[in-house]
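Asks: Using the hints, position chain B against chain A.
First to last, the protein sequences are chains A and B.
Residue 24 in our numbering is what sits at position 24 of the first sequence, and the numbering runs on without skipping anything.
Residue 43 in our numbering is what sits at position 43 of the second sequence, and the numbering runs on without skipping anything.
What the hints contain is simulated information worked out from the structure, not anything from laboratory work.
As the structure is a prediction and not an experimental result, all values here were calculated from the model.
In this text, a Cβ means the ideal position worked out from N, Cα and C, and glycines have one as well.
Some clues are possibly wrong.
Said to hold, decoys possible - In the PhoX-like style, the derived pairs of lysine-lysine whose C-alpha atoms are separated by at most 25 Å in a straight line are:
{"#": "1", "chain 1": "A", "residue 1": "Lys89", "chain 2": "B", "residue 2": "Lys193"}
{"#": "2", "chain 1": "B", "residue 1": "Lys161", "chain 2": "B", "residue 2": "Lys193"}
{"#": "3", "chain 1": "A", "residue 1": "Lys127", "chain 2": "A", "residue 2": "Lys89"}
{"#": "4", "chain 1": "A", "residue 1": "Lys75", "chain 2": "A", "residue 2": "Lys36"}
{"#": "5", "chain 1": "B", "residue 1": "Lys193", "chain 2": "A", "residue 2": "Lys36"}
{"#": "6", "chain 1": "B", "residue 1": "Lys122", "chain 2": "B", "residue 2": "Lys157"}
{"#": "7", "chain 1": "A", "residue 1": "Lys45", "chain 2": "A", "residue 2": "Lys127"}
{"#": "8", "chain 1": "A", "residue 1": "Lys75", "chain 2": "A", "residue 2": "Lys127"}
{"#": "9", "chain 1": "B", "residue 1": "Lys193", "chain 2": "A", "residue 2": "Lys75"}
Said to hold, decoys possible - Short, incomplete list of chain B residues facing chain A, as computed with Cβ under 7 Å:
{"#": "10", "residue": "Ser33"}
{"#": "11", "residue": "Gly175"}
{"#": "12", "residue": "Gly195"}
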Amino acid sequence: MKRFTRIMLAGAMLALVSGCANTSLTSDIDPSADIKSLQTFYVAKLPSDERGIDVMIENELNAIGKYATSGSDPKPSSPVDAVVTYEDKWMWDITMYMIELEIDLRDPETNYEFATGRSYRTSLARKKPEEMVTEVLSKIFAGEISGEME
Amino acid sequence: MRIFRSFGMLLLIFLVTGCAVGNQYDYGTTNVSLPLAGDGELGVGVLERRSYVLDGDKDANFVGLQRGGFANPFDVSTASGNPLVDDMSTVLQNALRNSGYTVSSLEFSWENPSAIASALAKTGKAKNIVLVVSEWKTDVYMNMTLHYDLTLHVLSKDGTKLAENRAQGSEELSGAGFESQNSRLAADAFETKVGRMFNNPEIQSALQN
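Chain A on its own, in the form it takes in the complex (with noise of 0.2 Å):
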């Protein structure tokens, strides 16, 4: 019985520990879009976003020669050939980190969203949010930015 209780004890504090060190990292982007060739973009503030990710989105696109803007209108006001909007989660482990990050392209026009990426990062695997920002726009643009990929 004891053993049997030990063994149990140790898979669960396995399966609890092994929880902390989950990434992912995913994209769809729509086949008939040619992501490479957008130039211009807006990035769309989040209402609640307090830690300036808008800017960590719009500094990475110029950093790889895109043209980037930021703002709290949800819409530009010149025309862009992509309005990117993202939704950010934040946990608590010790300090504050971000779990997941989600990065929309949608077009200017009809809002469509033809492309989007998600990091997701337990507290074990965290990484900064501007690491964060680059993987994921790495991923929607496989490898046009040398970021790290999957």
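Replies: Showing chain B alone in chain A's frame:
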């Protein structure tokens, strides 16, 4: 020693059930933006064809599985309590209205697919959109996986097929989160899959002509 056993039992119960029991996903209030704009009249309906719902193994509001600590599955249902296809139909109708169309709901019983013809005749619209759901469920353990098989039909008033687009597969959406996060992911996936199906030359041509 007794306290360790009690703790062990509690831990076991938590692992087996955890946050896995009674999860609900909100499909009905999702905002979907479609890659089209128009101003015509459309009949719109969603048809349930998931085998496990048709044979009564699962309720019509079943949307997937949430697994406990030992991968033991618990059913996830719609937050509205309505059949999944009803929530999808509401979302699709709202999306098409936002795209400029005047939309009428197609009402048909999933027990009798032949009723589509009479629903089309009753609504009387020259163009009709029918989304057939042969599979749609998420499976959540360490990660969240979506299994889907959707067919989008554009039909004339007499039931003639004007265009068709099918999407099927199984894919990982993301890591598993809490209920609200998983709910958002599932609804986002519906937006993505439906949007891709509408962004098809045949579908768009059939809707415009």
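Asks: Confirm or reject each hint.
Replies: Hint check results:
{"no.": "1", "hint": "Lys89(A) x Lys193(B)", "verdict": "holds, 23 Å"}
{"no.": "2", "hint": "Lys161(B) x Lys193(B)", "verdict": "holds, 21 Å"}
{"no.": "3", "hint": "Lys127(A) x Lys89(A)", "verdict": "holds, 13 Å"}
{"no.": "4", "hint": "Lys75(A) x Lys36(A)", "verdict": "holds, 22 Å"}
{"no.": "5", "hint": "Lys193(B) x Lys36(A)", "verdict": "holds, 22 Å"}
{"no.": "6", "hint": "Lys122(B) x Lys157(B)", "verdict": "holds, 9 Å"}
{"no.": "7", "hint": "Lys45(A) x Lys127(A)", "verdict": "holds, 21 Å"}
{"no.": "8", "hint": "Lys75(A) x Lys127(A)", "verdict": "violated, 30 Å"}
{"no.": "9", "hint": "Lys193(B) x Lys75(A)", "verdict": "holds, 24 Å"}
{"no.": "10", "hint": "Ser33", "verdict": "holds, 4 Å"}
{"no.": "11", "hint": "Gly175", "verdict": "holds, 4 Å"}
{"no.": "12", "hint": "Gly195", "verdict": "holds, 6 Å"}
The structure does not agree with numbered hint 8 stated previously, though it agrees with all others.
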